[in-house]
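> Sequence:
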Amino acid sequence: MSVRPIALALSLAVLASPVAAAEPRKLWEIGDLRQPESVLPASDGFVYVSLVAGSMTEKDGVGFIAKTTVDGRMIEPEWVSGLNAPKGMALVGGKLYVADIDELVEIDVASAKVAKRYPAEGAGFLNDVVATPDGRVLVSDTAKNVIFALKDGAMTRFAEGLELNGPNGLAIEGDRLIIAGFGPFVDGKPTGEGHLVELPLAGGKAQPLGSGAPIGALDGLVVLGGGGYLATDYLKGPLYLIDASGKHEQLLALSPGSADLSYDAASKTAVLPLNHEGKLVAYRLD
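For the sequence shown, position 279 (counting from the first letter as 1) is numbered 279 according to my numbering, and the numbering increases by one without interruption.
Among these hints, one or two may not hold up.
Unchecked claim - In the DMTMM-like style, the derived pairs of lysine to aspartate or glutamate whose C-alpha atoms are separated by at most 20 Å in a straight line are: (1) K59 with E121; (2) K236 with E193; (3) K59 with D102; (4) K113 with D44.
Rather than coming from a laboratory, the hints here were simulated on the basis of the structure. These figures come from a predicted structure and were not determined experimentally.
With the sequences and hints as input, model every part of the structure.
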């Protein structure tokens with residue numbers, strides 16, 4: 001892979017002038033995992049990993065959550081079981097919220113037990129989860145072009161429409177929601193023509209972030225700050241660096257199935273689930 005000059009520093013920094021980026025360096029790997037889909041670091045030093053372990057869409061009860069350390073040691077292979085096809089996650093206080101096909105599952109972290117399940121009426125494929133500063137928990141529905149919101153125990157539709165571009169990964173940046181679009185479907189098949197979308201948290205119309213030119217089947221999303229974003233392409237695999245104009249650069253060649261990553265700015269470490277390969281891999285991005 002050749003890495004061309006890029007205009008973004010891989011940290012929470014303002015856009016800089018073009019510099020040559022160093023080749024990403026692999027730090028560790030955990031294998032023999034059953035369809036890892038999302039990784040979420042916690043302040044206690046653990047990383048939560050959602051594992052589908054079966055069908056992405058069927059309520060088969062075989063999905064679960066694992067716990068690892070930030071340096072790649074497995075702690076609890078099946079920390080919480082009995083889920084269906086768990087995907088994106090968000091921590092709010094002592095609760096872990098998990099997207100699970102057509103419901104948002106609330107797990108009590110202290111007891112490692114499912115506390116509540118919140119059905120999302122009409123949902124087709126709940127995918128990523130993010131918490132807002134005002135206490136809402138938002139969850140994307142890629143199949144139905146909907147963003148659901150959980151507030152005070154009630155699930156409502158926060159936004160919907162084709163302009164959400166098949167919403168997959170979610171992230172908060174200031175007063176807006178940034179969405180990684182998986183792209184539209186034609187005759188039930190993904191086009192892979194996704195791009196980044198922005199949506200005001202106060203409500204309003206979603207619009208492309210930047211040009212709206214197709215990038216890929218975007219899945220995991222990280223806001224770097226200063227107009228920079230990391231996103232994975234689930235269908236083709238690469239990790240992209242995207243700027244606020246929509247221009248993108250491949251940082252890392254990965255296999256198809258790269259999904260909902262995490263990124264630690266202090267250590268410049270990205271942890272990526274490779275769903276098809278059954279692996280978690282960590283890279284230092286300089």
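> Now, for every hint given, state plainly whether the structure supports it.
Checked hints:
| no. | hint | verdict |
| --- | --- | --- |
| 1 | K59 with E121 | holds, 16 Å |
| 2 | K236 with E193 | holds, 12 Å |
| 3 | K59 with D102 | holds, 9 Å |
| 4 | K113 with D44 | holds, 18 Å |
Comparing the model with each numbered hint stated earlier shows that all of them hold.
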